[in-house]
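Using the sequences plus the hints, can you model the full thing?
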Amino acid sequence: MYNEKVMDHFQNPRNVGEIENPDGSGQVGNPTCGDIMKITIKVEDGKIVDCKFKTFGCGAAVATSSQVTEMVIGKTVEEAKKITNKMVAEELGGLPPVKMHCSNLAADALRKAIADYLGEDFTEEEHDHHHDIEED
Amino acid sequence: MYNEKVMDHFQNPRNVGEIENPDGSGQVGNPTCGDIMKITIKVEDGKIVDCKFKTFGCGAAVATSSQVTEMVIGKTVEEAKKITNKMVAEELGGLPPVKMHCSNLAADALRKAIADYLGEDFTEEEHDHHHDIEED
Amino acid sequence: MRRVYLDNSATTPTRPEVVEAMLPFFTEHFGNPSSVHSFGRDVSKYITESREQVAKLIGAKDSSEIIFTSGGTEADNLAIIGIALAQKNKGNHIITTQIEHHGVLHTCEYLKKYHGVEVTYLPVNEYGQICLQDLENAITDKTILITIMFANNEIGTIQPVHEIGNIARTKGVLFHTDAVQAIGSIPVNVQEMKIDMLSLSGHKFNGPKGVGALYVRKGVKLVPHMHGGAQERKRRGSTHNTTGIIGLGKAAELAMADLDEKQKKLTVLRDKLIKGIEERVPEIILNGHPTERLPQNVNVCFKYIEGESLLLNLDLQGIGASSGSACTSGSLDPSHVLLAIGLSHEVAHGSLRLTLGIYNTEEEIDYVLEVLPGVVEKLRQMSPLYNATK
Amino acid sequence: MRRVYLDNSATTPTRPEVVEAMLPFFTEHFGNPSSVHSFGRDVSKYITESREQVAKLIGAKDSSEIIFTSGGTEADNLAIIGIALAQKNKGNHIITTQIEHHGVLHTCEYLKKYHGVEVTYLPVNEYGQICLQDLENAITDKTILITIMFANNEIGTIQPVHEIGNIARTKGVLFHTDAVQAIGSIPVNVQEMKIDMLSLSGHKFNGPKGVGALYVRKGVKLVPHMHGGAQERKRRGSTHNTTGIIGLGKAAELAMADLDEKQKKLTVLRDKLIKGIEERVPEIILNGHPTERLPQNVNVCFKYIEGESLLLNLDLQGIGASSGSACTSGSLDPSHVLLAIGLSHEVAHGSLRLTLGIYNTEEEIDYVLEVLPGVVEKLRQMSPLYNATK
Ligand SMILES: Cc1ncc(COP(=O)(O)O)c(C=O)c1O
Ligand SMILES: Cc1ncc(COP(=O)(O)O)c(C=O)c1O
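Protein chains in written order, with our numbering: chain B, 1 to 136; chain A, 137 to 272; chain E, 273 to 662; chain X, 663 to 1052.
Be aware that one or more of the hints could be misleading.
Restricting the straight-line Cα-Cα distance to at most 25 Å, the calculated cross-link-like pairs of lysine-lysine (BS3-like) are [claimed, not checked]: (1) K752/X x K833/X; (2) K384/E x K752/X; (3) K833/X x K856/X; (4) K896/X x K414/E; (5) K774/X x K506/E; (6) K384/E x K141/A; (7) K537/E x K547/E; (8) K804/X x K385/E; (9) K774/X x K360/E; (10) K752/X x K385/E; (11) K385/E x K774/X; (12) K414/E x K360/E; (13) K896/X x K707/X; (14) K360/E x K1040/X; (15) K385/E x K707/X; (16) K86/B x K47/B; (17) K362/E x K774/X; (18) K774/X x K384/E; (19) K883/X x K385/E; (20) K707/X x K5/B; (21) K360/E x K707/X; (22) K707/X x K362/E; (23) K385/E x K896/X; (24) K384/E x K833/X; (25) K384/E x K775/X; (26) K883/X x K384/E; (27) K707/X x K493/E; (28) K5/B x K650/E; (29) K385/E x K775/X; (30) K775/X x K506/E; (31) K752/X x K141/A; (32) K493/E x K752/X; (33) K384/E x K750/X.
Worth flagging that the hints you see were computed from the coordinates, not collected in a lab.
Here is the structure:
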C-alpha cells in the first residue's frame, strides 16, 4: 500500500511531540473524518528552528506530518508558507490515491501554525472528503 | 443419469424392427418434440406373440420402447391394453424426472397398435410437454 | 519474524484436506457436471455429495434446498433481490438491520433505487442486538422479507435468531439470514430456527474462496440473480464451479465434525485475549455482546488512536488484524456497525478486530498481548487527543 | 477403455501449470487482498499481475479495465444489466442476436420483464452470421447497447466483430461481446475491434472454473450486479476469489503464448474430423460457417437420429461430446441456435457437437472416425424416420 519512504516516516516518525510555549500552533482535521494533526513551531529571526507534530490518523497522516516537520525546519517563515499538501506527498514519493485527501493535511496544519505565529487569519480549505475508489 | 436396467435396454434393445404385415401398428410422438415411437404387433388367438419397435428419440425413449415389447409378448390383448407408461417406467426401475413425459410414450404406441388391431379409435393423451426442471 | 494471523473473519486459510479433495477435479475429473457423457457424470455425483454435506451442516431437510453461489455476497443478493422480484405483487417492504454486511445493505439500497422497494433498518442496542418488539412493530401487510444476519462480522454479536424465526413464521413473512460468520463457528439449524433462506460462504470456515451457498426452503420461489443456463434447477446459471463446490462440501463435512471442539477452543482463546487486553491496556471499550458472541471475535476500541495506524504497527510485528476505521475501508465514515452501537466517530476510528481461527494457538495470544500494549502506548503518545485529556 | 474428450466448448481440463500457480494461494498466501496487513498485501500484488495478464490477452489499454467475476455468465449479466440501469435515462433499447448464449438471452429477458427494456433479436443467415445492414437498421435513438457474441458456442460461427465495432462506435452505441468461446482460440483485440465490453471465462481455455472477467473500457460506467463490498473499484462486491483469479491470470498468460500454435493444431484436427465424417457418413449437414469458424468447433446434424441417443452410444465407447437436442438440455425445443440457422426441429434434434482442445491428438480423431459411422448406422436402423424414406 505505502512505499518505503512513507513506511519509514510512519515507523520512525521525526519530531513527534508538542513544543512547550510554541511561537505558533495549528490543528486541522476532525475526529469525524478520522484525521487530526497538530503542529507547533518555534521561530527565531524569521526562521523556523523547531517544529513538532502530534497526529491522530492513519499511516499517511502520520507520515505526512513527520515529513512536513522535516521539510520545514531551517526554512524561513515565508518559504514555509509555500509548502503545499501536494509537495509533502511528492516528497514522500507519492501516496495511494485513496489517501490524497483527508490524510494529507500536514501542510495545512503547518500553515495554520504559521498564521497563528503571524497573527493572520487562516481559513481551512474545503477538502473533498469523498475518498477515491479503492485501488486494487 | 439412467440406471443400469435402462442402460441395458438402451445398449441392447430387444425386438428392434418392424413386423412385416403386422396385425396392429401404432406410432406416437412427433419430430418437433424429438421422440417418435412405432410399435407393430402380431396377434394369435387373442395373444400378442410378437412385438417390435422403432424409435427416434433419447435414451429413455429407446429403453421404454424396448421394455414395453418385452412386457407385452405373451400377454393377451386385454392384458396388454392395461399397460401404462408409468408401469413401463417402473418396470425399468425408474426414469429421471425430466424424462417422465415426452420420452415415456411406449405404452401409448402399444395401445395405439392394439387399437389398430381391434379396429378401435385411439385418442392420444395430452402430454405435458413442459419438462421438469433439471436434476442436479 | 513471527507471524500471527488474527483476521479469520476476513478470510481463512483453506484446510489442506480441502485442497486435496479439490485437486482431482482440476485435471482428472474436469468435466461439466451437466453433460451427458461420463466425463460429466463422473463429477456430478460428487457435486451431489457436496450438496448433501452443506445441507447437513445447516440442518436442511433436503439437499435440493442448497443453491451453490460464488460466495456470501451472491447468496445475499440472490435471496433478497430474488424474493423482492418474486413477491413484488404481494408487497414491497423489506425489514433489515443497521448492522448488516454490505452484501445485504447495498442490495437493499439497489432495490430501493431501482425497484421501489421500501426498507426498514432496525436499530440495535449498545451490544448490537435488535429489539424483537421493534421487529414486530415494523411488519406491515406489505412486508415480504425479513433479512437479519445471524452473527455480526465486526463485533461478533449473535442475534436472537430463534425468536426472529418464530415471529417471521407467525406473521407469514419470509426470513433470510446472512449466516456467513456463524456457519462453522456455532450450531445452526434452519429447520429448528425457522429460517427460510440462509447465506454461507466457504472461505470463512476454511473452505475455498469464490464459492458459497444459499439455502432456500422447499416451496420458496425466487427469481434468479444469475441469468443463464439451467444449472441449479434453473435458479443459478453458469457452469458449476466444480472444484469450489467440492471444496465447500469437504469444508462443510470437516466443520460439522469439528464444531464442538472448535467452538470450545476458540472461546478459550477469545476470553484469554479479551481478559489480557483489559488487564494491560487502559481506556478501552469492548465492542459487541459480552456473552452472545461468536467464539472467534474480539473487537476493542482503543481511545485516542486510529485503527489503520494500529494495524500497520501490528503488521510490522507480524500480526494480521483488521479495523472498522474509515481509512481501512476506503469510505469516509468509520464502520456503520460501530456507529450503530452508539460509538462516537472518534472512538469508532480506534477499533481493532482480532478474529480467531482453527490454527491459532495460546502462544500466539501471548505474543499479541506482549506486543499490543506497547503499540497502543506509542500511538497514544503521538495523539493530540490523548494529550488533551491527560 | 479408450476415453476421448471432445466437449471442450463445454469446459476444459485445467492445465497443470495453472493448478500449480494456484496452489500456494489456498494455504500459504491465503489472505484477503483487501486487507491492510502483510497476509493480504502478499496476495494483492499477484492479483494485480493476473489482471495485467488478462488485460494483455485481449489487448486492453489498462488493467483497471478488467473486472473479475465468477464466470462468463456473470460477466454477461454485469455488462448488460449494468449498462441498462446506468443508461436508463438515455434509452431502453438493446440489440442482440437470436443465437446468443443463455447468459445473454436470459439476461435480456429479465430486463424486458423487470425493467421495461426493449430487445431486438437480430436473425442470422444459414451459416449463423448476422447481416450488418440489419444491425444498422435496428439502431434507434433509444439504443443503449449492442450485445453480439464473438463466436457461437454451438456452431462455432465467428461474427464480423470488427465491422460491428465500427458501426457501434460510429453510432455512439456501446458494444458488448460475449467472447467466452473466442478467447484463447482466436486473436481478440478490444482496442482494434472497438469493443467496449467483453466477457470471458477461465474454464473455457484451460483455466479454473468459477472465475471469469468482464472488460469494461475506461470511461464506461455501469451499475454493479453483485452488491456488496468495495472490491474491484466498487464494481463487484465479494471477497476476491484469489485462487481462481491467479489461475485465470496464468491461463491467460499461457493462452497468449500458445495462441498461434493452438489455432493451427486445432484447425488441422477440425478439418480432418469434418472431412472424415463427410466421407464416412451419408445424409449429414455441417452446421456453422465453412471458414469463419472457431478452430475447435465441429457441428454436424445426422438425419433421422436423435442427439442424446447418439451421445450415449458414443459415451459407451469412451467419447465425450454434446448435442443441441432438447433431451440433453432439459427444455422442450432443440437448440435455439440450430433453429435460428433454419434447421427443422427434426434435423436439429440429430445434432452432434465435437469440440477440440489442446490435449486432443490425431489418433483420437481417427478413433472417433472409426466409431462414429457404426453408431449412426445402428441408430438409423432403429429409427422409424429412416425406414420411411428408404
Ligand atoms: C456477514 C458477512 N456477509 C457476507 C459476506 C460476504 O461473503 P463473500 O466475501 O464470500 O462474498 C461476509 C464476508 O465478506 C460477511 O462477513
Ligand atoms: C458463449 C458463452 N457465453 C457464456 C458462457 C457462460 O460461461 P460460464 O459457464 O463461465 O458462466 C458460455 C459457456 O457456458 C458460453 O459458451
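Now the hints, each set against the structure:
1. A C-alpha spacing of about 14 Å is found between K752/X and K833/X, which places the hinted pair at or below 25 Å, so the restraint holds.
2. The suggested pairing of K384/E with K752/X holds, with an alpha-carbon distance near 21 Å, which does not exceed 25 Å.
3. At most 25 Å may separate the alpha-carbon atoms for a hinted pair to count; K833/X and K856/X meet this at roughly 12 Å.
4. Taken as a hint, the K896/X and K414/E pair is broken in the structure, with Cα atoms around 32 Å apart against an allowance of 25 Å.
5. Distance check on the hinted pair: K774/X and K506/E sit about 19 Å apart at the alpha-carbon level, within 25 Å; holds.
6. In summary, the hint linking K384/E to K141/A is not supported, as the alpha carbons are separated by about 54 Å, beyond the 25 Å threshold.
7. The suggested pairing of K537/E with K547/E holds, with an alpha-carbon distance near 16 Å, which does not exceed 25 Å.
8. About 22 Å separates the Cα atoms of K804/X and K385/E, which keeps this hinted pair within 25 Å; it holds.
9. With a C-alpha separation of about 16 Å, the suggested pair K774/X and K360/E falls inside the 25 Å cut-off, and the hint holds.
10. Our distance criterion of 25 Å between C-alpha atoms is met by K752/X and K385/E, whose separation comes to about 17 Å.
11. Pair hint K385/E plus K774/X holds up; C-alpha atoms about 18 Å apart against a cutoff of 25 Å.
12. Proposed proximity of K414/E and K360/E is supported: the alpha carbons are some 9 Å apart, at most 25 Å.
13. A C-alpha spacing of about 18 Å is found between K896/X and K707/X, which places the hinted pair at or below 25 Å, so the restraint holds.
14. For the hint linking K360/E to K1040/X, the alpha-carbon distance of about 53 Å lies beyond 25 Å, and the restraint is violated.
15. Simply put, K385/E and K707/X have alpha-carbon atoms about 35 Å apart, too far for the 25 Å limit, and the pair is violated.
16. For the given pair, K86/B sits about 22 Å from K47/B by alpha-carbon distance, which is consistent with the 25 Å threshold.
17. Restraint check for K362/E and K774/X: satisfied, since their Cα atoms lie roughly 21 Å apart, inside the 25 Å limit.
18. Pair hint K774/X plus K384/E holds up; C-alpha atoms about 19 Å apart against a cutoff of 25 Å.
19. Only pairs whose Cα atoms come within 25 Å are accepted, and K883/X paired with K385/E is accepted, the gap being roughly 17 Å.
20. A threshold of 25 Å between alpha carbons decides the hint, and for K707/X with K5/B the separation of about 19 Å falls inside it, so the pair holds.
21. Only pairs whose Cα atoms come within 25 Å are accepted, and K360/E paired with K707/X is rejected, the gap being roughly 44 Å.
22. Our distance criterion of 25 Å between C-alpha atoms is broken by K707/X and K362/E, whose separation comes to about 48 Å.
23. The suggested pairing of K385/E with K896/X holds, with an alpha-carbon distance near 17 Å, which does not exceed 25 Å.
24. Proximity of K384/E to K833/X is assessed by CA-CA distance (about 33 Å); at most 25 Å being required, the pair is judged violated.
25. Taken as a hint, the K384/E and K775/X pair is honoured in the structure, with Cα atoms around 18 Å apart against an allowance of 25 Å.
26. Between K883/X and K384/E, the direct Cα distance comes to roughly 20 Å. Compliance with the 25 Å bound is thereby established for this hinted pair.
27. For the suggested pair K707/X and K493/E, the alpha carbons sit about 42 Å apart, so the restraint of at most 25 Å is broken.
28. Between K5/B and K650/E the alpha-carbon distance is near 20 Å, which keeps this suggested pair within the 25 Å criterion.
29. As the CA atoms of K385/E and K775/X are separated by approximately 17 Å, the hinted pair is consistent with the 25 Å bound.
30. Distance restraint check for K775/X and K506/E: the Cα-Cα separation of roughly 17 Å lies within the 25 Å cut-off, and the hinted pair is therefore satisfied.
31. For the given pair, K752/X sits about 60 Å from K141/A by alpha-carbon distance, which is inconsistent with the 25 Å threshold.
32. Straight-line distance between C-alpha atoms of K493/E and K752/X comes to about 33 Å, which puts the hinted pair past the 25 Å bound.
33. Taking the CA atoms of K384/E and K750/X, the gap is near 16 Å; set against the 25 Å cutoff, the hint holds.
Violated hints for the displayed structure, listed by number in ascending order: 4, 6, 14, 15, 21, 22, 24, 27, 31, 32.
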